[in-house]
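K.L.:
Each chain is listed here by its residues.
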Amino acid sequence: MLRVKLRRSALAGLLAVFLAISASACMGMPNPQGWASPVVDGSSVYLFTRKDRLAAIDFDANGRATTRWTFPDRDNPNQKKIRLEAVYATPILDDGRLYIGSFKGEVMAVSTADGELAWRNAAINGSIVGDPVLAGDILLFGTTENRLYALNKSDGATAPGWPAGGFDTGAPVWAPPAVANGVAYFATMRGEVRAIRLADRSEAWSEPFKVPGAVASIALLDDTRLFVAGLNRSVNILDTATGKAVAPMFQASDWVWNTPAFNEGIAYFGDFAGKVYALDITTGQARWTYSAPHNKIRSGPIVIGDALVVVDRDPIVHFLDLKTGAALNTVPLIDSGTVRADPTPDAATALIVTTKGKLFRADPKTRSVPDIPLGGDGE
Amino acid sequence: MIGDLFTLLLLDPMINVLVVLNQVLFESFGLAIVAFTILVRALTFPLMLRQMHQTRAMQSLQPRVQEINKKYSDPKRRQEELMKAYREAGVNPLGCLGPMLIQMPILIALFYSIRQTLAISPEALEALSGHLYSWSYIQHAVPLEESFLGLDLRHPNIILVILVGLTTWAQTKTTISVTTDERQRAQQQMMAYMMPMMFAFFALSFPSGVSLYWVINSIVGIAFNILIYGFPLLKIEPVFKPRQAPSAALAGSSSPDSPPAPSEPARESRTAHGSGRSNRQNRRRRP
Chain A
12 MLRVKLRRSA
22 LAGLLAVFLA
32 ISASACMGMP
42 NPQGWASPVV
52 DGSSVYLFTR
62 KDRLAAIDFD
72 ANGRATTRWT
82 FPDRDNPNQK
92 KIRLEAVYAT
102 PILDDGRLYI
112 GSFKGEVMAV
122 STADGELAWR
132 NAAINGSIVG
142 DPVLAGDILL
152 FGTTENRLYA
162 LNKSDGATAP
172 GWPAGGFDTG
182 APVWAPPAVA
192 NGVAYFATMR
202 GEVRAIRLAD
212 RSEAWSEPFK
222 VPGAVASIAL
232 LDDTRLFVAG
242 LNRSVNILDT
252 ATGKAVAPMF
262 QASDWVWNTP
272 AFNEGIAYFG
282 DFAGKVYALD
292 ITTGQARWTY
302 SAPHNKIRSG
312 PIVIGDALVV
322 VDRDPIVHFL
332 DLKTGAALNT
342 VPLIDSGTVR
352 ADPTPDAATA
362 LIVTTKGKLF
372 RADPKTRSVP
382 DIPLGGDGE
Chain B
57 MIGDLFTLLL
67 LDPMINVLVV
77 LNQVLFESFG
87 LAIVAFTILV
97 RALTFPLMLR
107 QMHQTRAMQS
117 LQPRVQEINK
127 KYSDPKRRQE
137 ELMKAYREAG
147 VNPLGCLGPM
157 LIQMPILIAL
167 FYSIRQTLAI
177 SPEALEALSG
187 HLYSWSYIQH
197 AVPLEESFLG
207 LDLRHPNIIL
217 VILVGLTTWA
227 QTKTTISVTT
237 DERQRAQQQM
247 MAYMMPMMFA
257 FFALSFPSGV
267 SLYWVINSIV
277 GIAFNILIYG
287 FPLLKIEPVF
297 KPRQAPSAAL
307 AGSSSPDSPP
317 APSEPARESR
327 TAHGSGRSNR
337 QNRRRRP
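Chains A and B are the protein sequences, given in the same order. Residue 99 in my numbering sits at position 88 of the first sequence, and the numbers go up by one each step. Residue 300 in my numbering sits at position 244 of the second sequence, and the numbers go up by one each step.
The hints are simulated quantities; they were obtained by calculation from the structure and are not laboratory data. Misleading hints may appear alongside valid ones.
Stated by the list, open to error - Computed list of lysine to aspartate or glutamate pairs in EDC-like fashion (alpha-carbon distance at most 20 Å, straight line):
1. A:Lys334 <-> A:Glu275
2. A:Lys115 <-> A:Glu96
3. B:Lys126 <-> B:Glu136
4. A:Lys91 <-> A:Asp63
5. A:Lys286 <-> B:Glu144
6. A:Lys221 <-> B:Glu83
7. A:Lys62 <-> A:Glu117
8. A:Lys115 <-> B:Asp208
9. A:Lys115 <-> A:Asp63
10. A:Lys286 <-> A:Asp250
11. A:Lys334 <-> A:Asp317
12. A:Lys62 <-> B:Glu201
13. A:Lys92 <-> A:Glu127
14. A:Lys221 <-> B:Glu201
15. B:Lys229 <-> B:Asp208
16. A:Lys115 <-> B:Glu202
17. A:Lys367 <-> A:Asp382
18. A:Lys367 <-> B:Asp208
19. A:Lys334 <-> A:Asp374
20. A:Lys376 <-> A:Asp346
21. A:Lys369 <-> A:Glu156
22. A:Lys115 <-> B:Glu182
23. A:Lys255 <-> A:Glu218
24. A:Lys115 <-> A:Glu156
Said to hold, decoys possible - Residues from chain A shown here face chain B by an in silico Cβ test under 7 Å; the list is partial:
25. Gln44
26. Tyr99
27. Ile103
28. Gly107
29. Gly137
30. Val140
31. Gly224
32. Ser264
33. Trp266
34. Phe283
Keep in mind the model is a prediction, meaning the values are calculated, not measured. The C-beta atom is built at its ideal place from N, Cα and C for all residues, glycine as well.
Using the sequences provided together with the hints, build the complete structure.
P.N.:
This is the structure:
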């Protein structure tokens with residue numbers, strides 16, 4: 012009888028293990044949550060307080076927050092059918108409008124004054140992950156369905172001369188495109204970086220720059236140099252005129268998937284191994300490396316004065332010395348979800364939004380990160 | 057802790073094998089899913105076979121078990137007699153659970169490795185980075201190609217939803233049940249229809265890649281069932297004959313209702329007690 016009991020206990024234990032495994036496996040499946048950064052306009056901040064809701068929040072002289080509007084507004088007949096799903100691309104603020112590209116594959120313009128929809132283009136093939144960019148009157152963005160779109164910012168229609176179904180990039184575009192001197196630079200998840208002239212979409216380089224692996228982030232450091240980081244851990248600095256590497260390739264410890272900060276010839280970026288690098292773009296060598304152990308860094312660093320502000324996925328805010336990479340202070344954000352969005356500069360501070368829709372202000376002067384109560388609908 | 061072990065020992069290796077298969081099989085994730093599902097099911101086949109043998113042995117003992125249940129009203133005595141009968145027949149009443157419990161985490165890991173590798177959202181791709189080995193061959197492969205035979209493996213597809221329902225139903229129909237209890241049999245009959253509908257309903261929200269896995273998994277399951285049980289409709293004999301338990305005969309001889317041969321299906325053994333009659337009715341019939 013004892014053996015039977017033991018056997019039963021063992022089986023019950025095995026069953027419990029099996030259920031625990033099932034539960035843990037179930038919990039590990041992330042659905043689209045979005046990671047758009049906040050947008051600052053004077054005393055107003057526009058941020059996604061939920062993955063599918065944008066809020067316009069005004070701050071008075073005492074720092075008290077009031078939600079002016081939310082988008083989409085379920086009570087507004089014009090916005091009733093709008094479902095954002097999740098937003099990864101940080102909206103562009105221009106001329107009193109916010110241009111939003113959603114993961115659902117819709118682009119829309121919203122008035123900052125009242126949150127009214129100015130236009131909406133739902134005929135986009137694929138999801139939008141990378142930030143859109145404005146090139147004059149054209150809104151440019153890539154999609155996961157191998158397309159680069161150019162829309163008129165005035166009405167959302169396809170820009171003159173561009174194919175209505177978007178320019179075929181041959182592979183998904185997750186990295187935000189970059190534009191300088193009439194040339195658009197974009198990277199694909201099949202490891203190609205290309206440059207096309209906006210006027211006629213002709214190739215600006217003799218051949219694409221190729222990386223063995225996906226490229227999820229590119230950024231113009233200045234008009235002549237392009238930062239290209241791959242999921243294969245490589246970082247390259249390209250000449251924007253020729254598409255050739257101007258410095259030896261740098262190898263990070265893990266995936267690099269964030270927008271770098273650039274200051275006086277040094278590019279600052281993090282990787283998924285939790286390392287922050289200060290890369291000399293002339294030599295291709297790291298001036299210093301900082302380690303945030305065991306925490307991925309998805310959010311791009313930001314330079315404020317003599318400090319570099321980095322937020323890891325824990326989330327912990329790291330204030331680093333810009334010259335040496337020494338930690339000046341580290342501040343954990345308690346009970347706040349995680350941080351994947353890039354911080355937004357606001358005067359001499361940085362605004363940080365978490366996946367729980369909480370807003371924090373990182374202040375390098377005091378090396379503190381107080382939370383900003385949003386109040387009302389924004390809470 | 058358990059979750060970490062599951063990830064380290066099962067999920068991570070499976071994800072990486074899946075990525076390697078994708079690269080080997082012409083960068084087709086659909087083909088990788090098909091090949092990987094067949095591979096995992098083939099590797100776990102000995103466990104499944106053992107489970108089936110146990111199930112069959114249990115079937116052969118069912119008349120004896122019923123007899124004991126009727127004969128002894130004292131639960132303690134009944135339990136002792138049952139254990140004795142199992143021991144004599146060389147059957148572990150929970151023996152079919154052991155192989156199943158080993159298989160289940162493997163199949164769950166297979167399911168989640170496919171779902172994880174599909175990376176249906178940027179967060180999922182970010183999470184995938186933590187599962188990949190640092191071998192450049194693997195690192196360069198992601199994200200994987202999502203289209204297969206014109207299907208986008210990230211999104212649900214109605215054809216695969218229907219196939220999920222059909223293959224689940226077919227798999228249920230090729231599985232032999234152990235029970236001789238009419239109520240349980242009725243419940244199983246109901247489940248034979250409910251399960252396919254339930255899984256098809258789930259598939260409506262699954263990425264097609266996961267549905268593809270389910271369809272292949274069910275097809276392999278059907279093939280295994282036919283190998284083990286045969287398929288009388290098409291006059292297919294079982295390839296894997298049941299092991300003859302030496303004590304099965306002994307078990308049979310001690311029972312007034314002779315149990316069938318181990319390969320005999322439960323349905324036939326149930327007729328010895330009167331088809332459609334419950335245990336209570338059978339008890340009443342006894343002198």
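K.L.:
Under the criterion of a CB-CB separation shorter than 7 Å, is Ile103 (chain A) in contact with chain B as hinted?
P.N.:
violated, 19 Å
K.L.:
Would you check whether Phe283 (chain A) satisfies its interface hint, that is, whether its CB is within less than 7 Å of any CB in chain B?
P.N.:
Holds, because the Cβ-Cβ distance from Phe283 (chain A) to chain B comes to roughly 5 Å (cut-off 7 Å).
K.L.:
Assess, step by step, whether the Cα of Lys334 (chain A) is no farther than 20 Å from the Cα of Asp374 (chain A), and give holds or violated.
P.N.:
Holds. Lys334 (chain A) to Asp374 (chain A) sits at ~18 Å (cutoff 20 Å).
K.L.:
Hey, Lys221 (chain A) versus Glu201 (chain B), does the alpha-carbon distance stay inside 20 Å?
P.N.:
holds, 18 Å
K.L.:
Regarding the hint that Gly107 (chain A) lies at the interface with chain B, is the smallest CB-CB distance below 7 Å?
P.N.:
violated, 30 Å
K.L.:
Does the structure keep Lys115 (chain A) and Asp208 (chain B) at a Cα separation of 20 Å or less?
P.N.:
Distance ~15 Å between Lys115 (chain A) and Asp208 (chain B) Cα, so the pair holds.
K.L.:
Using the nearest Cβ pair, does Trp266 (chain A) come within less than 7 Å of chain B?
P.N.:
Nearest chain B Cβ about 5 Å off; hint holds.
K.L.:
Below or equal to 20 Å on CA atoms is what counts here, so check Lys334 (chain A) against Glu275 (chain A).
P.N.:
Status holds; Cα separation ~11 Å.
K.L.:
Does the alpha-carbon distance linking Lys286 (chain A) and Asp250 (chain A) stay inside the 20 Å limit?
P.N.:
With Cα atoms ~26 Å apart, Lys286 (chain A) and Asp250 (chain A) exceed 20 Å; violated.
K.L.:
Quickly compare the C-alpha distance for Lys126 (chain B) and Glu136 (chain B) to 20 Å and report which way the hint goes.
P.N.:
holds, 14 Å
K.L.:
Holds or violated: Gly137 (chain A) as interface residue toward chain B, Cβ cutoff 7 Å?
P.N.:
At 11 Å from the nearest chain B Cβ, Gly137 (chain A) fails the 7 Å test, so the hint is violated.
K.L.:
Could you grab the alpha-carbon distance between Lys115 (chain A) and Glu202 (chain B) and see if it respects the 20 Å cut-off?
P.N.:
Cα-Cα ~17 Å, so holds.
In terms of the numbered hints stated before, the structure departs from hints 5, 10, 12, 15, 18, 20, 21, 27, 28, 29 and 32, listed from lowest to highest.
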